[in-house]
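Here the protein sequences come in this chain order: D and H. Residues in the first sequence are numbered consecutively from 1, following this note's numbering. Residues in the second sequence are numbered consecutively from 209, following this note's numbering.
Because the hints were derived from the structure by calculation, they are not lab data. Treat the hints with care, as some may be off.
Said to hold, decoys possible - Once the Cα atoms are required to be at most 20 Å apart in a straight line, the calculated EDC-like pairs of lysine to aspartate or glutamate come out as:
1) 34(D) <-> 265(H)
2) 260(H) <-> 162(D)
3) 206(D) <-> 534(H)
4) 260(H) <-> 198(D)
5) 197(D) <-> 464(H)
6) 374(H) <-> 162(D)
7) 3(D) <-> 302(H)
8) 260(H) <-> 122(D)
9) 197(D) <-> 470(H)
10) 473(H) <-> 196(D)
11) 525(H) <-> 187(D)
12) 372(H) <-> 162(D)
13) 197(D) <-> 302(H)
14) 218(H) <-> 198(D)
15) 167(D) <-> 534(H)
16) 167(D) <-> 302(H)
17) 47(D) <-> 534(H)
18) 525(H) <-> 123(D)
19) 525(H) <-> 51(D)
20) 34(D) <-> 288(H)
21) 526(H) <-> 124(D)
Stated by the list, open to error - Partial chain D-side listing against chain H, Cβ under 7 Å, derived:
22) 33
23) 36
24) 40
25) 44
26) 45
27) 110
28) 113
29) 158
30) 162
31) 166
32) 168
33) 181
34) 202
35) 205
Treat the numbers as computed from the prediction; the structure is a model and nothing was measured. By construction, the Cβ of each residue, glycine as well, lies at the ideal position given by its N, Cα and C atoms.
The residues making up each chain are set out below.
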Amino acid sequence: MEKFNKLSGHAIPLRITNVDTDMIIPKQFLKTIKRTGLGEFLFYELKLDQDGNEISSFALNQDQYKGASILIAGKNFGCGSSREHAPWSIADYGIKCIIAPSYADIFYNNCFKNGILPIILDEETVSKLQDTAENTLNFNIDLEKQNITYVENNEQKEISFDIDPAKKNCLLEGLDDIALTLNKSVEIGNFEGSQEKETPWLYGNKLT
Amino acid sequence: MTDKKTIYDKIWESHVVSTNDDGTTILYIDRHLVHEVTSPQAFEGLRISGRKVRRPEFTLATADHNVPTSDRDKGIADPDSKLQVETLEQNAKENDITYLPMSDKRQGIVHIVGPEQGFTQPGMTIVCGDSHTSTHGAFGALAWGIGTSEVEHTLATQTLIQTKAKNMCINITGKAIEGVTAKDIVLAIIRKIGTAGGTGYVIEYTGEAIRNLSMEGRMTVCNMSIEAGARAGLISPDETTWEYLKGRPLAPSGKEYDDAVEYWKSLATDDGAHYDEIVEVNADEIIPQITWGTSPEDVVSIDGFVPDPKNEKNLDKKKSIERALDYMGLEPNTPVSEIKVDKVFIGSCTNGRIEDLRAVSKIAKGRKVAGTVHAMIVPGSGLVKEQAEKEGLDKIFIEAGFDWRDPGCSMCLAMNADKLQPQERCASTSNRNFEGRQGRGGRTHLMSPQMAAAAAIKGKLTDFRDL
Numbered sequence: 001m002e003k004f005n006k007l008s009g010h011a012i013p014l015r016i017t018n019v020d021t022d023m024i025i026p027k028q029f030l031k032t033i034k035r036t037g038l039g040e041f042l043f044y045e046l047k048l049d050q051d052g053n054e055i056s057s058f059a060l061n062q063d064q065y066k067g068a069s070i071l072i073a074g075k076n077f078g079c080g081s082s083r084e085h086a087p088w089s090i091a092d093y094g095i096k097c098i099i100a101p102s103y104a105d106i107f108y109n110n111c112f113k114n115g116i117l118p119i120i121l122d123e124e125t126v127s128k129l130q131d132t133a134e135n136t137l138n139f140n141i142d143l144e145k146q147n148i149t150y151v152e153n154n155e156q157k158e159i160s161f162d163i164d165p166a167k168k169n170c171l172l173e174g175l176d177d178i179a180l181t182l183n184k185s186v187e188i189g190n191f192e193g194s195q196e197k198e199t200p201w202l203y204g205n206k207l208t
Numbered sequence: 209m210t211d212k213k214t215i216y217d218k219i220w221e222s223h224v225v226s227t228n229d230d231g232t233t234i235l236y237i238d239r240h241l242v243h244e245v246t247s248p249q250a251f252e253g254l255r256i257s258g259r260k261v262r263r264p265e266f267t268l269a270t271a272d273h274n275v276p277t278s279d280r281d282k283g284i285a286d287p288d289s290k291l292q293v294e295t296l297e298q299n300a301k302e303n304d305i306t307y308l309p310m311s312d313k314r315q316g317i318v319h320i321v322g323p324e325q326g327f328t329q330p331g332m333t334i335v336c337g338d339s340h341t342s343t344h345g346a347f348g349a350l351a352w353g354i355g356t357s358e359v360e361h362t363l364a365t366q367t368l369i370q371t372k373a374k375n376m377c378i379n380i381t382g383k384a385i386e387g388v389t390a391k392d393i394v395l396a397i398i399r400k401i402g403t404a405g406g407t408g409y410v411i412e413y414t415g416e417a418i419r420n421l422s423m424e425g426r427m428t429v430c431n432m433s434i435e436a437g438a439r440a441g442l443i444s445p446d447e448t449t450w451e452y453l454k455g456r457p458l459a460p461s462g463k464e465y466d467d468a469v470e471y472w473k474s475l476a477t478d479d480g481a482h483y484d485e486i487v488e489v490n491a492d493e494i495i496p497q498i499t500w501g502t503s504p505e506d507v508v509s510i511d512g513f514v515p516d517p518k519n520e521k522n523l524d525k526k527k528s529i530e531r532a533l534d535y536m537g538l539e540p541n542t543p544v545s546e547i548k549v550d551k552v553f554i555g556s557c558t559n560g561r562i563e564d565l566r567a568v569s570k571i572a573k574g575r576k577v578a579g580t581v582h583a584m585i586v587p588g589s590g591l592v593k594e595q596a597e598k599e600g601l602d603k604i605f606i607e608a609g610f611d612w613r614d615p616g617c618s619m620c621l622a623m624n625a626d627k628l629q630p631q632e633r634c635a636s637t638s639n640r641n642f643e644g645r646q647g648r649g650g651r652t653h654l655m656s657p658q659m660a661a662a663a664a665i666k667g668k669l670t671d672f673r674d675l
């Protein structure tokens with residue numbers, strides 16, 4: 001997995017709460033058997049009207065946010081379906097960091113599997129950052145130091161954030177979870193052995 | 209620390225393989241359900257890295273999201289859908305995983321097939337690349353939805369790296385009023401705690417009204433735990449649970465069944481166990497519930513009104529009400545019983561089981577679907593379909609003017625050909641009323657099967673008890 005350490009870029013304010021993964025990537029784009037190339041479908045139905053015309057009021061369509069790598073979103077971001085196509089499309093679009101007051105559990109977890117840093121800050125701070133983002137400022141994200149820095153009105157600002165150390169490490173190192181777990185194959189085998197003794201009905205049945 | 213444990217604590221502890229240095233846990237996964245939408249990239253990942261499926265016999269695959277619900281003999285028309293289903297079949301074959309194809313009468317929505325086959329059992333850990341995996345919690349199993357990376361991790365290792373969630377108890381006190389269903393109970397819960405209320409928790413549902421539910425009803429409640437923000441919801445197993453499992457193809461039999469029942473009895477939450485959060489809901493205050501907006505928390509009783517954003521002081525909330533009203537094409541303060549519908553969808557992993565269809569048949573019998581409405585009934589599996597036809601329910605549906613179809617996820621998420629047209633309004637027994645969920649611009653109202661059937665007949669949302 002791609003590592004995440006530092007990021008510098010513009011941010012897109014998305015002032016909607018409870019953004020669900022159907023909104024992030026609608027179902028018609030889930031028919032793929034690949035995980036690449038989904039960026040162009042990100043927020044598809046918020047971005048384009050039913051005739052395929054760009055909706056100019058939507059932030060992603062505005063020139064000032066082109067090339068932005070940070071999304072500043074509302075609370076409970078990523079709720080609903082477990083589709084990993086949501087973080088795939090976000091990452092493929094070029095967004096590597098999300099800032100929101102809260103996330104749905106599955107989406108939050110999926111971000112870390114795809115080199116995306118989801119930062120949690122209080123609602124008031126997020127709202128202020130959304131205002132700041134409108135001035136097309138450059139934000140610097142430093143995962144190691146756990147802070148966001150930017151210059152506003154010639155003044156250096158710094159906001160620190162919390163993150164679970166295990167999740168932080170996973171992003172910093174770009175770890176392959178599966179390889180790490182496979183190192184524990186002996187333990188997994190031992191577990192299976194003792195489980196089979198205690199609850200033998202879990203073993204041996206298969207549909208034909 | 210108390211030695212009293214919740215069912216979640218017990219299942220968690222009995223599945224710990226090892227604890228990593230960073231405090232995360234490698235948790236053993238007993239069963240894995242696989243469908244065509246969230247698995248191809250996982251199998252591809254295994255292929256690229258040269259890894260094998262560790263326990264193919266603990267994995268069950270079926271296609272449900274993309275399958276057509278009519279004219280099946282013609283196959284799948286959409287080439288992308290077809291490729292996805294064929295890819296699953298190929299992946300299952302290559303990896304020695306049991307796959308139930310469209311032609312098998314046991315095919316259906318994964319969350320209906322698992323329980324039907326006895327694949328789902330109390331005390332298990334069960335995952336699937338699908339957020340409605342919480343359904344299986346009805347059996348006292350710890351079941352949750354995962355992303356495709358974790359699907360791959362489960363296939364390769366039969367484990368997942370997890371951090372333990374908090375315990376929440378939702379206690380439904382009192383008896384449900386006659387005609388009030390599991391769907392109304394769970395909608396009332398989401399109305400109370402909101403779509404993020406359960407974030408970070410595993411919910412256990414307790415109380416008399418839960419105990420009185422059949423397994424089907426319990427599955428409906430646990431199914432929508434994710435709409436309350438919780439990855440998993442569960443119910444301590446009891447007599448109802450083991451009776452349901454008896455004789456199922458993958459359930460233990462003979463002496464093993466007796467041993468299993470003894471084990472299952474030990475899973476129930478201990479009296480005095482600690483919950484991090486307790487929520488009380490009175491069953492006797494719940495009447496049929498429906499959603500008016502675009503979030504599953506936008507719930508009102510059938511005798512209620514569409515909300516007025518003017519009355520909302522929280523600015524964020526006010527904005528989201530305005531957005532939802534605009535999308536739904538509704539005026540504030542409209543009595544919900546005046547809302548007309550164009551389509552009715554009865555089915556899904558929430559309400560596509562035999563008990564749901566029986567309830568619908570009682571409403572449909574001797575009545576007609578309104579001329580302005582197209583109403584479809586999509587059984588959750590081939591076996592549900594077969595059972596319904598054995599009981600003659602199909603004749604009642606067809607006689608009343610319902611469209612009786614083949615099993616699949618269908619218009620719950622509209623990945624196949626079944627979808628709403630822009631601005632069409634639907635009374636739906638599914639689980640999500642998100643913008644565009646049932647088709648771009650489509651407007652979804654969630655409700656129980658009885659309420660959806662009544663909406664089909666009246667052509668508008670209506671309290672089915674008044675029919």
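Where does the structure disagree with the numbered hints, that is, which hint numbers, in rising order? The structure conflicts with hints 1, 2, 3, 4, 7, 8, 11, 13, 15, 16, 19, 23, 24, 25, 29, 30 and 32, although it agrees with all the remaining ones.
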